[in-house]
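Whenever a hint applies, use it, and build me the whole structure from the sequences.
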Amino acid sequence: MSNVFRLDDVSKSFARQGETFHALDGLSLSIPSGSFFGIVGTSGAGKSTLLRLLNLLEQPTSGTIWFGDQRLNGLKGAALRDYLTKVATIFQHFNLFHGKTVLENVTLPLAVRGVSKQVRVRKAQELLELVGLKDKERAYPSQLSGGQKQRVGIARALVADASVLLCDEPTSALDSETTTLILDLLLKVKQQLNLTIILITHSWSVVRYAADSVTLLQHGKVVENGSVRALLQDADSYLGRQLLPAPDLGARPGDGWVRYDLILPDVRTQSTFFSEVAKRLDVTASIVSGGIERLSGIDAARFKVDFDLHDRDPAIRDSLSAILREKSIVLGKVA
Amino acid sequence: MLNRDWKVYLPDFWEALGQTLYMTAGSGVLVIFFGIVIGLTLYLTAPNSWSPHPIIYHVVNTIVNIGRSIPFIILIVILIPVTRLIVGTPLGPVAALVPLTIGFTPFFSRLIEANLRELDQGRVEAARVIGVTTPQFIFRILLPESLSGIIASATIILVGLVEGTAVAGAIGAGGVGDFALTYGYQRWYTELILISVISMVLLVQFIQLTGDIWIRLRKHKR
Ligand SMILES: Nc1ncnc2c1ncn2[C@@H]1O[C@H](COP(=O)(O)OP(=O)(O)OP(=O)(O)O)[C@@H](O)[C@H]1O
Ligand SMILES: [Mg+2]
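These protein sequence lines map, in sequence, to chains A and B. Last residue of the first sequence: 335 (my numbering), numbering continuous. Last residue of the second sequence: 222 (my numbering), numbering continuous.
These are calculated hints, taken from the structure and not from any lab test. Backbone N, C-alpha and C fix where the C-beta goes; we use that ideal spot for every residue, glycine too. Heads up, some of the hints might be wrong.
[As the list claims (entries may be wrong)] Heads up, simulated BS3-like pairs for lysine-lysine below, C-alpha to C-alpha not over 27 Å straight-line:
no., chain 1, residue 1, chain 2, residue 2
1, B, Lys221, A, Lys117
2, B, Lys221, A, Lys134
3, B, Lys7, A, Lys136
4, B, Lys7, A, Lys134
5, B, Lys7, A, Lys100
6, A, Lys136, B, Lys219
[Said to hold, decoys possible] Okay, the calculated bits of chain B under chain A, using three or more residues with CB under 8 Å as the criterion:
no., segment
7, 122 to 130
8, 133 to 142
[Claimed, not checked] Here are a few chain B residues that sit away from chain A, every Cβ distance over 12 Å (derived from the structure):
no., residue
9, Lys7
10, Leu10
11, Val29
12, Ala46
13, Arg84
14, Ile156
15, Val167
16, Phe206
What follows is the structure in structure tokens.
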């Protein structure tokens, strides 16, 4: 898969009280095109700074940023405006223009590019229909709810045919139901318009729900990075464990029982997994605890399961381990 | 006594009122125009603003501060040679436009600068990532988004100018203030002071009300 963005050893520093502070510190990262790319990290990790380099609100102090084969460093004037038609941004606080109606907000990116009134109104109405706000075109932002404002933000961002949508905490000002609706909308427009979406969030549930790739930033560097599926299958991945948290351990397994900590990457096609294992080895399997999460559209599960190997041939331990590893990811074994 | 006075002084009063309206409106247009231009310059070139330019900002900022620190009555006197140069005479309502405009523009520029700063950083960044040019930013975003504040400031400055015309009247600009001083102060015709004051009060009320109503009509746009 090709990359929309590639950052090569990028640093961004700010002067703070006479000292130089590195918001980004030699960060290298590739963002696959067509992905729903989640960026997580603690407050101050440099997430917003990273995004602001991509929409050129900031320039890197050093390093190179590529958009395909276009070098973004120092881009300005007409070339910058042209770039900004392809890479659009939505915000945590929506940042709609209060003095303009919904329709005027959405047509603005076209108006400033000299698109004729007839064309831009038609295009804006299409987008408003797509985000489900067709009946609000004459309203002012002050008359809308938070979720509706973000929908307008999305319509405004996408009206000029962007291929990348940058989102800095787009749902942090919204309640959880509205968050789901907005994420559903982002998934829908991503699909319909063939977008790459890059989204910063504090919320693991947002990442689980929408992202197919995740990057963890810390102190201006990438700590972990990969597709959700790959991170999930990596027993050592911190992100993988956050995406599918450990269920309760329960009481210690009984004498002669072994306990496994397992991930089933796709529950829907693996619903008979435990009964198959039990049948093949003629053992009793007992689920201690478990949880299912929908991760980038597929239900994945994590289970703690006890198997009764009391009075069995020691070789059965290896067979069990082999069978489990065939179809699931074994994170750990408690003897 | 009232009847006789009216016949003699009413035409003078109407003329004076006309001069006040002329001076207020004329200097109002000029102050609002120059004030917006200077306020925009201050806003745009300030550090960390749309297009920072330390030299321009510093120069304009200093001029505005100097302008604001000179009392209006003194400014009128200092400006007499300038006024004579521009208008030909330092007397009369046309000549008064010069000190009124120069005297009130610095303060109004500051008001406008403060109004423009009300536009939060978020909306400024939204404008940037939409890819607007500087003129587009000014005319499509900055001024329209700040319009309610600008109207409020214009109301303040027009009311101030009504008062300014009275001060200018004291040194030969004419107008209601001059009328009141000439007939009221010097000859002590109380009823003439009274109608002068009432007419000024009505004018100020009219300006304030117009501004308030206009702002109220824009309540959704804030
Ligand atoms: N313009 C600036 N001037 C000085 N310091 C800055 C500037 N922008 C960002 N920083 C600093 O850089 C660091 C990273 O900031 P950034 O906004 O990227 O963090 P973040 O990961 O988005 O955090 P949050 O989750 O709180 O939004 C912070 O310590 C911040 O104070
Ligand atoms: Mg941030």
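We went through each hint and held it up to the structure:
Between Lys221 of chain B and Lys117 of chain A the alpha-carbon distance is near 22 Å, which keeps this suggested pair within the 27 Å criterion. For the given pair, Lys221 of chain B sits about 20 Å from Lys134 of chain A by alpha-carbon distance, which is consistent with the 27 Å threshold. Distance restraint check for Lys7 of chain B and Lys136 of chain A: the Cα-Cα separation of roughly 62 Å exceeds the 27 Å cut-off, and the hinted pair is therefore not satisfied. For a cut-off of 27 Å, the pair hint linking Lys7 of chain B to Lys134 of chain A is broken: about 66 Å separates their Cα positions.
Taking the CA atoms of Lys7 of chain B and Lys100 of chain A, the gap is about 54 Å. The hint is violated against a cut of 27 Å. This hinted pair checks out: Lys136 of chain A and Lys219 of chain B have alpha carbons roughly 18 Å apart, not beyond 27 Å. Remark: the segment 122 to 130 of chain B is confirmed as covered by chain A, as 7 of its residues place a Cβ nearer than 8 Å to a Cβ of that chain, reaching the required three. Counting residues of the segment 133 to 142 of chain B whose CB lies closer than 8 Å to any CB of chain A gives 4, which reaches the minimum of 3, so the coverage claim holds.
Listed as a non-interface residue, Lys7 of chain B keeps its Cβ farther than 12 Å from every Cβ of chain A; the least gap is roughly 52 Å. No Cβ of chain A approaches the Cβ of Leu10 of chain B within 12 Å, the least distance being about 46 Å, so the stated non-interface status holds. Distance check for Val29 of chain B against chain A: the nearest CB is about 23 Å away, which clears 12 Å, and the non-interface claim stands. Distance to chain A confirms Ala46 of chain B as a non-interface residue, since its nearest Cβ pair spans about 18 Å, more than 12 Å.
Non-interface call for Arg84 of chain B relative to chain A: holds, since the shortest CB-CB distance, roughly 44 Å, exceeds 12 Å. Every CB of chain A lies more than 12 Å from the CB of Ile156 of chain B, the least distance being 21 Å, so the non-interface label holds. For Val167 of chain B, the condition that its CB be more than 12 Å from all CB atoms of chain A holds, with the nearest at approximately 36 Å. The Cβ of Phe206 of chain B sits about 26 Å from the closest Cβ of chain A, beyond the 12 Å cut-off, so the non-interface label holds.
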